[in-house]
Amino acid sequence: MRDVYVIGIGMTHFGELWDTSFRDLFVEAALEAFGDANMDRLDSMYIGCMSGGLFVGQEHVGALLADYLGRVPIPTTRVETACASGGAAVRQAYLEVASGMSEVVLAGGVEKMTDSADVTAALATAADQEYEVYQGVTFPGLYALMARAHMHTYHTTREQLALVAVKNHHHGAMNSKTQFPFEITVEQVLASSMVADPLRLLDCSPVSDGAAAVILASEEVAKQAKGHPLVRVVASTQATGAMALHTRTDLTRLDTVEHSAQVAYQQAGITPDQVDVTEVHDCFTIAEICVMEALGYAEPGRAAALVEAGETRLGGSMPINTSGGLKSKGHPVGASGVAQVVELTIQLRREGGTRQVEGARIGLAQNMGGTGASSTVHILEGQA
Amino acid sequence: MKSPQYTREIPQRYRLEAEKCRQCGKVHFPPRLICDACQSQEFEQVILSRAGRILTWTVIHVPPTNFDLEAPYIIAIVELEEGVRLTCQVVDCDPEELAVDAPVEMVFRRIQEDSQADIIQYGYKAVLSRP
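Chains as they are written, first to last, in the numbering used here: chain A, 1 to 384; chain B, 1001 to 1131.
Hints are supplied without guarantee of correctness; some may be wrong.
Covered stretches of chain B (in silico footprint by chain A; criterion: 3 or more residues with CB under 8 angstroms from a CB of chain A, positions within the stretch not fixed) [as the list claims (entries may be wrong)]:
1. 1039-1050
2. 1100-1114
With beta-carbon atoms standing in for the labels, derived distance ranges [said to hold, decoys possible]:
3. B/Glu1079 - A/Glu220: 51 to 57 angstroms
4. A/Glu59 - B/Ser1003: 42 to 48 angstroms
5. A/Glu130 - B/Cys1024: 23 to 29 angstroms
6. B/Phe1108 - A/Ser116: 55 to 61 angstroms
Because the hints were derived from the structure by calculation, they are not lab data.
All residues carry an ideal CB built from backbone N, CA and C; glycine is no exception.
All chains should be modelled from the sequences, with the hints used to inform the complete structure.
What follows is the structure, encoded as structure tokens:
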């Protein structure tokens, strides 16, 4: 396996983009990535898309998007691991370059969720249809079950959960591409409407349209690409776990995230404390808490105290979700895992402007599907 | 829901039919073709007891479309005596009565009605065990 570099990044604004079609969202992000890479070569593409079928009635999205990007006949494949589809696309692109099969591969992610689909039902397909969804559970409901278990076991408080959303909005307010670029308060979170007790509306990532793209390349090609400091992918991992939340031994733990992180640390030859900037899958506030513990950033039950102490804020010892996270930036599900790599690349190039993590050299992106049955981790190293 | 999809799961939904691994003893609900604990493919059928306890719960205020008329309703993860866990509604009580470890019994109830296929779908829900 050989070294792989991120040479181009692009993403659309995330939000309710009623005037932009599914295909144009992707093409816009991909064109921005080519412009950023300052080169045109492309050997193959992987597209993360959770449910083109349910959201816009479109399958076979690989061919559609390659066609509209004007890149036929290169091989293009859609990959799906629910909300981790973007992370899985990045991983497939990484593997294809690392293996020596291709020199330049694009990993894209796209979702169009606001075309009046039954979004709650579509997202619920990421859980066990026959033994979870059949009973009437929703995704906020599943994470609410985890939140209640975490609060019961570790005395995590309602306010601590709210602080995750407040922090992510604080970061998102500094990102021009976020769906909700404004600050919120703990009081606003606690006063927002109940979705699935104890989770309220402002604990939940929104329904979004959007696309993101990263171009990965071999070292030889990366050194020809000019204009940006090099960013190398030093780990790419994926883990799979039990589908139904109720079958997990410990309802407060995300075993797949833990597993994918451990293998990633080995691949990169680092320990968690060496990570300077992190993007995690905060689909709900409780998710960020559980992921922090699974990544080894905190002992089980201790993550919420770190959030409360401001350690995960920009300027803290372990800034998390400087992009605004899924909560503030938006969560077009298939695009989210790719957008995380976009943010890390910005940070490691030191192009983050007001939200730049000072001296950032190592970044970690964690993306998960369902209630964590799929998890991907990527670790990037900057050379700025 | 189409009738073959519904019919296949009737033994589990109506009667809590599970399978016990002959090699390691793990009880699987729903049954699997291969044991995820020991890889054995030999099982014996067991009917789960209807007694269990609540591990965690939530109240769904924003439901999927086919549960629109039910909301708000309680969903819990219940552990049955055999160690099997399942996700189900808890009914005939107020959320204030719920607690972690509260004993429950599984009962047979209507789950949802699909107006398109006209199948009334049944299954298990939990009720609090009252002294």
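Going through the hints against the structure:
1. Using a Cβ-Cβ cut-off of 8 angstroms, 0 residues of the segment 1039-1050 of chain B lie near chain A, which falls short of the minimum of three, so the contact claim is violated.
2. For the segment 1100-1114 of chain B, the proposed coverage by chain A is satisfied: 3 residues have a C-beta within less than 8 angstroms of a C-beta in that chain, meeting the threshold of three.
3. Taking the beta carbon of each, B/Glu1079 and A/Glu220 are about 56 angstroms apart, inside 51 to 57 angstroms as hinted.
4. In this structure the supplied range 42 to 48 angstroms is violated for A/Glu59 paired with B/Ser1003, their Cβ-Cβ distance being about 25 angstroms.
5. Checked against the given bound of 23 to 29 angstroms, the beta carbons of A/Glu130 and B/Cys1024, roughly 24 angstroms apart, stay inside it.
6. Checked against the given bound of 55 to 61 angstroms, the beta carbons of B/Phe1108 and A/Ser116, roughly 36 angstroms apart, lie outside it.
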